[in-house]
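Trainee: Going down the list, the sequences are from chains A and B. For what it's worth, numbering that gives the first Met the number 0 labels the leading residue of the first sequence as 0, then goes sequentially. For what it's worth, numbering that gives the first Met the number 0 labels the leading residue of the second sequence as 0, then goes sequentially.
Some hints could be false.
Claimed, not checked - Dumping the calculated EDC-like pairs for lysine to aspartate or glutamate here, alpha-carbon to alpha-carbon at most 20 angstroms:
hint : chain 1 : residue 1 : chain 2 : residue 2
1    : A       : K64       : B       : E33
2    : B       : K134      : A       : E25
3    : A       : K64       : B       : E117
4    : B       : K134      : A       : E56
5    : B       : K48       : B       : D36
Stated by the list, open to error - Partner residues are not named here, just some residues of chain A that face chain B (Cβ under 7 angstroms, in silico):
hint : residue
6    : A11
7    : V16
8    : L54
9    : E56
10   : V57
11   : V59
12   : V61
13   : I67
Said to hold, decoys possible - Simulated DEER-style distance windows between Cβ atoms:
hint : chain 1 : residue 1 : chain 2 : residue 2 : range
14   : A       : G200      : B       : D54       : 52 to 60 angstroms
15   : B       : D141      : A       : A90       : 34 to 42 angstroms
16   : B       : A55       : A       : N70       : 21 to 29 angstroms
17   : A       : V98       : B       : D36       : 45 to 53 angstroms
18   : A       : E191      : B       : A55       : 50 to 58 angstroms
19   : A       : V98       : B       : S132      : 54 to 62 angstroms
20   : B       : K134      : A       : Q7        : 17 to 25 angstroms
21   : A       : M0        : B       : K134      : 17 to 25 angstroms
22   : A       : A48       : B       : E33       : 25 to 33 angstroms
23   : B       : D141      : A       : Q42       : 29 to 37 angstroms
24   : A       : E41       : B       : L71       : 34 to 42 angstroms
25   : B       : A55       : A       : E25       : 53 to 61 angstroms
If you are wondering where the hints come from, they were derived from the structure by calculation, not from laboratory data. As the structure is a computational prediction, the values presented were derived from the model and not from experiment. The beta-carbon is built from N, C-alpha and C at its ideal position, and this holds for glycine as well.
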Amino acid sequence: MNSEQAKQILQAYRPGVDDADPSAAEALAQARRDPELARWLEQQIAFDAAIRARLREVPVPVGLKTRILANAPAEAPAVAWWQRRPVWLAAALIVLALVYLPYLRPANTFAAFRAGMVQYVAAGYQMEVRADNFDALRERFSKDGWPSDYVLPPGVKGLKVEGGCLSQWRGRKVSLLCLEAKGHDVWLCVIERRAIWQAPGATPVFAREGRISTASWTSGHLTYLLATEGDEAELRSYL
Amino acid sequence: MNRRAGQPSFEALVEQYYRGLYQFALSLSGAEAEASDLTQQTFYIWARKGHQLRDASKVKTWLFTTLHREFLKSRRRQTHFPHHQLDAVEGELPPVAPAVVNQLDADEVVAALAQVDELYRAPLVLFYLEDFSYKEIAAALDVPLGTVQSRIARGKSQLQGLLMTKKKVRE
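If we strip away everything but chain A, and leave its shape as in the complex, we get (with noise of 0.2 angstroms):
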């Protein structure tokens, strides 16, 4: 590096600043070297200082930090929490969550559900409410808050009453009415629609666990499950 190159390199060189510039620290080795370089080196930097000096006199006009501070962020037009899209996104998702989630989980299926009343019934219980009539079960389920405004299939209303039981099934509440027909046990389990996911629809489903007959459907806010120890001809008379 010539003097000629160097003084293109030190005419942009700040000491203290531009130290670590590679370039800067040749051209000042060349400096050293050139006294006439060196001499015209010193007058650059002092002349930098001087102005730096002069520019940083500068004024701010009074008033200007206060308009700033009062000004930008008040005019801001910062965007609401409750306006933000990640916030209106998660509050859809929380409240589809909340609506479906009883719908949605796997485990609260229909089918689960007549599985697990069909094992109940059949491994035996003990029977809660004594009753040999319609009403007075009617009557006790209603009065413990279980479900009580079911509508009583044609043929049912012709079986004996043996009782019934204020059931549960993952924490949902079901009456379980106990009948007697043609000397073997029915079973009718009444449910909220909503407590359960895949619901069968109005017309009566039907389908066999083990050795209990079912026949299933949804009527109103309610979704009923017929069992019987006999065939599904016997249950298809009941409805």
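Got chain A sorted already, so can you dock chain B onto it with the hints?
Mentor: Just chain B now, kept in the frame of chain A:
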């Protein structure tokens, strides 16, 4: 106004940088009112968008970049763009003695800077004002690192030429 973790408060930011930003703006525009507007506008933009800056260490560069962009935008909007041709200072000039500069007041230095070609003015002012490294100047003005030094050198030559002329006029 949102604030990312690690970022200083708005008040602290104004306190730290409004003076330097104003001086930068004044050196670019040469007009007090315009410099005030540019400084306020810069903080206004920060209040709206500053939270998007992920690296808190780049706040200073962000502010000076924003002010420079706003200055360029305002220049584009102006119908009559005051362009100063300074062909006369292309060659090498004798160094201006510091004593000459010391005879001038801040307003005169700012006025001279405002006549430096716009291409060189911003890097030159950042060179003097804020102890930005060449890399930071390149980032703030969005120019290649290699051109920063040459623009500073050319801007300085123009400034020296303008100050020499001023000195001759006085004599």
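Trainee: Next step is simple, just say for each hint if it's right about the structure.
Mentor: Hint check results:
no.	hint	result
1	K64(A) - E33(B)	holds (15 angstroms)
2	K134(B) - E25(A)	holds (19 angstroms)
3	K64(A) - E117(B)	violated (27 angstroms)
4	K134(B) - E56(A)	violated (26 angstroms)
5	K48(B) - D36(B)	holds (18 angstroms)
6	A11	holds (4 angstroms)
7	V16	holds (5 angstroms)
8	L54	holds (5 angstroms)
9	E56	holds (4 angstroms)
10	V57	holds (5 angstroms)
11	V59	holds (5 angstroms)
12	V61	violated (11 angstroms)
13	I67	holds (5 angstroms)
14	G200(A) - D54(B): 52 to 60 angstroms	holds (59 angstroms)
15	D141(B) - A90(A): 34 to 42 angstroms	holds (40 angstroms)
16	A55(B) - N70(A): 21 to 29 angstroms	holds (24 angstroms)
17	V98(A) - D36(B): 45 to 53 angstroms	holds (52 angstroms)
18	E191(A) - A55(B): 50 to 58 angstroms	holds (54 angstroms)
19	V98(A) - S132(B): 54 to 62 angstroms	holds (57 angstroms)
20	K134(B) - Q7(A): 17 to 25 angstroms	holds (19 angstroms)
21	M0(A) - K134(B): 17 to 25 angstroms	holds (22 angstroms)
22	A48(A) - E33(B): 25 to 33 angstroms	holds (28 angstroms)
23	D141(B) - Q42(A): 29 to 37 angstroms	holds (32 angstroms)
24	E41(A) - L71(B): 34 to 42 angstroms	holds (36 angstroms)
25	A55(B) - E25(A): 53 to 61 angstroms	violated (35 angstroms)
Of the numbered hints given earlier, the model fails hints 3, 4, 12 and 25; all others are met.
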